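When we follow our numbering, the leftmost residue of the sequence shown carries the number 1, and every step to the right adds one.
Worth double-checking, as some hints may not be accurate.
Straight-line Cα separation of at most 30 Å, DSSO-like style, residue types lysine-lysine; simulated pairs [stated by the list, open to error]:
1) Lys4 <-> Lys368
2) Lys368 <-> Lys380
3) Lys368 <-> Lys9
4) Lys4 <-> Lys358
5) Lys358 <-> Lys368
Since the hints were made in silico from the structure, they are not lab data.
Every value quoted in this text rests on a predicted model; they were computed, and no experiment measured them.
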Amino acid sequence: MSVKAFTPKFMPVGILTAALQELTPREARDRDPDLAIEEWAAFARELGVDLMQLSAALHPAEADVPPEAMLDPVANTLDLREPFNQERARRVRHALDANRIELSDVAYFDNMLHPDPQIRARKHEFMRRVMDAAAMLGAPAVCGFVGRNFDLSLEQNLDDFRENFIPLLRAAKERHLVYRVEQCPMPGWTVMDHFHNNIAYAPGAWIILHQICEEAGVGDQFRIHYDPSHAILMGQDTRSIFQYLKEEGYNFLIAGFHVKGQVINARGLAAWGYGGQTMRRGDWRDGKPSADPREQANAWKKQTAIAEHELPGTARHDPLAYLQNRTVDWLDHQLAARQLLDLDVERTPLIVEHEYPKARIQDRERLKPILQGSIAFTRKIDEAAACMYALQHEVLAAQGIPVQGIGREPYRS
């Protein structure tokens, strides 16, 4: 019998800069592209985070999808209309260092398998510029989607992934970066009947895609940035997902987290089920897709008819909903990560992603205490999980003392 010291390990907590996309007014940002990052670094320090996930996006004047058609706003905090160079990198690094903020990664969430070859080429070229900026800033990774070619079946998309996404991973490898893929199914990306518009939407798909990556020699570049809100949307729970990955030998795949929840609307679920609203959404006119981007946004009723995004800490504590997988059990989420995943805990980012519609406030002073509260909640939940894990799985285990009770079990609702 040995005595093991109590040494809990905590995850660094960060914020995605899309939480306040107009922190710096558009006209000021357009004149001085790096001002937005400087002001966000100072804001991040006020919020009390360790990390910043730097949001990049095509400038609104260059984007193929109008902002009115989006469910969740994107932010080009990193403005790449002009090439990112070492001079710009030095300025940004100075702002980050002055505020004691590190970058978890640079994030660009877009469809990398868009069916239009010209649009796809523009997105790929932009992603390579994102990678260049990430490398110059010393970030370890980029974050984004895989996407889907809407003109092909999901099975056919595997060949498209092999032919057209693998080169992006090779570009990441050349720059010593990891590409972390968020698993949102993106149901509202198209007004058609597709629900899964990002083929990396679930563990079964992650494993298949990683096998393709391994065959191409870029397996180490493909990792998952796990967001439990999307699991809830698809009727899954975190512990079961992590258990499945462990059983399959792929519990190394998850390398970062978006801390965002989802609250299922039981009435909407009764009306439409987990496929969401499939007809009379308002995104079609006269038997064809509406030409109005504001009406195209109604395609997101595939999701919003049954669920609403949660900013961590803003949803009521609801033990029954946790057990029914209708909202995120945050404490068990953090416990399961430590128990089941192969993580370097102290280097695994917890990034708060704010997409709670009723609190999408573009006013710094009003939003600041909301984000501060959510960030504090996230940090304390992780600290509680870390303490429980260290006490139960290290201190007690070393002395042969059993843990009490049963706890939440995978594959059981």
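Please list, smallest to largest, the hint numbers that this structure does not respect. Violated hints (numbers, rising): 1, 4; every other hint is consistent with the structure.
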